[in-house]
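> Okay, here's what each chain looks like letter by letter:
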Amino acid sequence: MSNHPTPLSIVRSEWIKFRTVRSTVWGVLTLIALTVGFGALISFASAGHYSQRDIEKLSFDPVLRSLSGLFFAQLVVGVIGALAITSEYGSGAIRSTLAAVPRRIELILAKASVLKITIFVIGEAVSFGAFSIGQMIFASTKVPLADRVFPELTHVPSASLGTPGVFLAVFLGGVALTLLALLGFFLGLIMRSTAASISVYVVSLLVLPILTIFLPSNWRNDISKFLPTNLFQGMIATHHSTDAFSPWMATGTLTFYVLVIGAIGLALFSRRDA
Amino acid sequence: MIQLEHATKKYGDTIAVHDLSFTVEPGVVTGFLGPNGSGKSTTMRMVLGLDRPTSGRALVNGKRYHDLTNPLREVGALLDAKALHPGRSARNHLRALAASNKIPFSRVDEVLGIVGLDAVANKKAGGFSLGMGQRLGIAGAILGDPGVLLFDEPVNGLDPEGIRWVREFFHSLAAEGRTVFVSSHLMSEMALTAHQLIVIGRGELIRHGTVSELTATATGSVLVRSPQIDELTVAIAALGGSVASHRDDAIEFAGITAEQIGVAALDRGIALYELTPQRASLEEAFMEMTASSVEFSGQPLSEGNHA
Numbered sequence: 001m002s003n004h005p006t007p008l009s010i011v012r013s014e015w016i017k018f019r020t021v022r023s024t025v026w027g028v029l030t031l032i033a034l035t036v037g038f039g040a041l042i043s044f045a046s047a048g049h050y051s052q053r054d055i056e057k058l059s060f061d062p063v064l065r066s067l068s069g070l071f072f073a074q075l076v077v078g079v080i081g082a083l084a085i086t087s088e089y090g091s092g093a094i095r096s097t098l099a100a101v102p103r104r105i106e107l108i109l110a111k112a113s114v115l116k117i118t119i120f121v122i123g124e125a126v127s128f129g130a131f132s133i134g135q136m137i138f139a140s141t142k143v144p145l146a147d148r149v150f151p152e153l154t155h156v157p158s159a160s161l162g163t164p165g166v167f168l169a170v171f172l173g174g175v176a177l178t179l180l181a182l183l184g185f186f187l188g189l190i191m192r193s194t195a196a197s198i199s200v201y202v203v204s205l206l207v208l209p210i211l212t213i214f215l216p217s218n219w220r221n222d223i224s225k226f227l228p229t230n231l232f233q234g235m236i237a238t239h240h241s242t243d244a245f246s247p248w249m250a251t252g253t254l255t256f257y258v259l260v261i262g263a264i265g266l267a268l269f270s271r272r273d274a
Numbered sequence: 001m002i003q004l005e006h007a008t009k010k011y012g013d014t015i016a017v018h019d020l021s022f023t024v025e026p027g028v029v030t031g032f033l034g035p036n037g038s039g040k041s042t043t044m045r046m047v048l049g050l051d052r053p054t055s056g057r058a059l060v061n062g063k064r065y066h067d068l069t070n071p072l073r074e075v076g077a078l079l080d081a082k083a084l085h086p087g088r089s090a091r092n093h094l095r096a097l098a099a100s101n102k103i104p105f106s107r108v109d110e111v112l113g114i115v116g117l118d119a120v121a122n123k124k125a126g127g128f129s130l131g132m133g134q135r136l137g138i139a140g141a142i143l144g145d146p147g148v149l150l151f152d153e154p155v156n157g158l159d160p161e162g163i164r165w166v167r168e169f170f171h172s173l174a175a176e177g178r179t180v181f182v183s184s185h186l187m188s189e190m191a192l193t194a195h196q197l198i199v200i201g202r203g204e205l206i207r208h209g210t211v212s213e214l215t216a217t218a219t220g221s222v223l224v225r226s227p228q229i230d231e232l233t234v235a236i237a238a239l240g241g242s243v244a245s246h247r248d249d250a251i252e253f254a255g256i257t258a259e260q261i262g263v264a265a266l267d268r269g270i271a272l273y274e275l276t277p278q279r280a281s282l283e284e285a286f287m288e289m290t291a292s293s294v295e296f297s298g299q300p301l302s303e304g305n306h307a
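Chains E and X, in that order, are what the protein sequence lines are.
Numbering follows the numbering used here, in which position 2 of the first sequence is assigned residue number 2; successive positions increment by one, without gaps.
Numbering follows the numbering used here, in which position 212 of the second sequence is assigned residue number 212; successive positions increment by one, without gaps.
This is chain E alone, in the form it adopts within the complex:
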């Protein structure tokens, strides 16, 4: 019979599960609100401040400013990712899931695919959305003649996707959110508890950067560029500092983390009792 479970049927089943719980809907709405909404607010505020500080004018990065909301979104995608698996452990639903799909590796790959595709599509949409809205705000904010550092500039500088490196930065914004969602997912797979996995995720994103302050300064930059948040920042940067990885290096390193944590998660999951 050809109606035994296939990777596609498992993906279909996981997609039904993913979209039929309210936490997914809230997570996605929060994601949009933070990236597009909060991004627009920050773009608006920095456009207003542009005239007031000369230092601002020289270092003004319209791409990074418009994508500021993505930094907050890092937390949301990690939570969405972790919940995709920990909610099954919390409720016990993992047992009916495994009774239907006993091939555990295929099950996790299907779950990860649903998460990956969904967050990638939404992540790209909000990344490009936040970028476009931000640039529209900058381009429509006039700079008084007296405040102009560059006399030919009548408005706050804005970026276009055609400028070298810009398209890549905005595109990698969505990729970074996808990778971080997978990181949260695999942490959830390892820890099986919502609270534990979200705690570890938040610590690695927000607390580790603070801890690097206490490192000797000659080590600090070498180590801190490996932290997930800084990799994220490296991925969406258009101006490259020597302290950070290039966008591709940052993407590769974050992908490597996801693969390592994922391999550990899969190895544990295929052995453990459910």
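Please note that the accuracy of each hint is not assured.
What the hints assert, rightly or not - Below, computed lysine-lysine pairings styled on BS3-like, alpha-carbon distance capped at 30 Å:
1. Lys102(X) - Lys82(X)
2. Lys82(X) - Lys116(E)
3. Lys116(E) - Lys102(X)
The set of hints was computed from the structure by calculation and includes no laboratory data.
Mind docking chain X on chain E? Use the hints.
What follows is chain X alone, placed relative to chain E:
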């Protein structure tokens, strides 16, 4: 068919199931009885491939669960009525299960109708009563129309009407030639539901047989009324019987059959007003069997205290 072959499951130092072997045959309802913590759920989890046996094997239709090509079309299980996402509707819960095994969605509505949940199909499962949860779990078990069915404590939380429905439903599933394996700690319910019984205690097999065999092996007592009760008691004691209870002119003897008592009374010229074998209920049989299992594998309480 479900087979356990010397299955042992340890969680750390705790032995949940020890060297358990039995076969559950199709065509009848097989009850799986044991006190709480006796290893019933662990055994069912091993059959479903959720827990890996430490040694031995658990097979369904001759295969390990993991190797089944069509899991839901071969085996259906209700392990825990609450084992679902509370925020998802009953219909979506079943649709997700159906989709994974390519079962058409029309079957989802069909099973919701069979278990009587069609009216609440779009309500969140988290708001269901325990009884409704059990019905949803049963709907999930029969979704793929499987030949092997496992139900862990299915009547928990059901009202009397629901219990009767489940009982008749299990009988009809077995009559269709399916293997129906039902665990319970409710002996009285099993007496009505099951034909075969597997009794375990402390993770070990105690008895395997039909319900009538198991109640017959339990040592029932015999109620006797006689005007010469003291004389009779001496005679019975000489034959190895003992007094189970004593009230005025009525006495209950244990460890001896009614036939032996009748012959003994005739030999000694003792008049009998009543001679009634007291049939042990399944519940008494069960208590007797599991009590002895606790004795032979249990630790004295004083030692257990500082363990």
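> Keeping to a limit of 30 Å between CA atoms, is the pair of Lys116(E) and Lys102(X) held or broken?
Answer holds: Lys116(E) to Lys102(X) is near 23 Å, not above 30 Å.
> Given the hinted pair Lys82(X) and Lys116(E), is their Cα-Cα distance within 30 Å?
Between Lys82(X) and Lys116(E) the Cα gap is close to 28 Å, so the pair holds against 30 Å.
> Holds or violated: are the alpha carbons of Lys102(X) and Lys82(X) at most 30 Å from each other?
Holds, because 24 Å separates the two Cα atoms, which is no more than 30 Å.
Checked against the numbered hints above, the structure breaks none of them.
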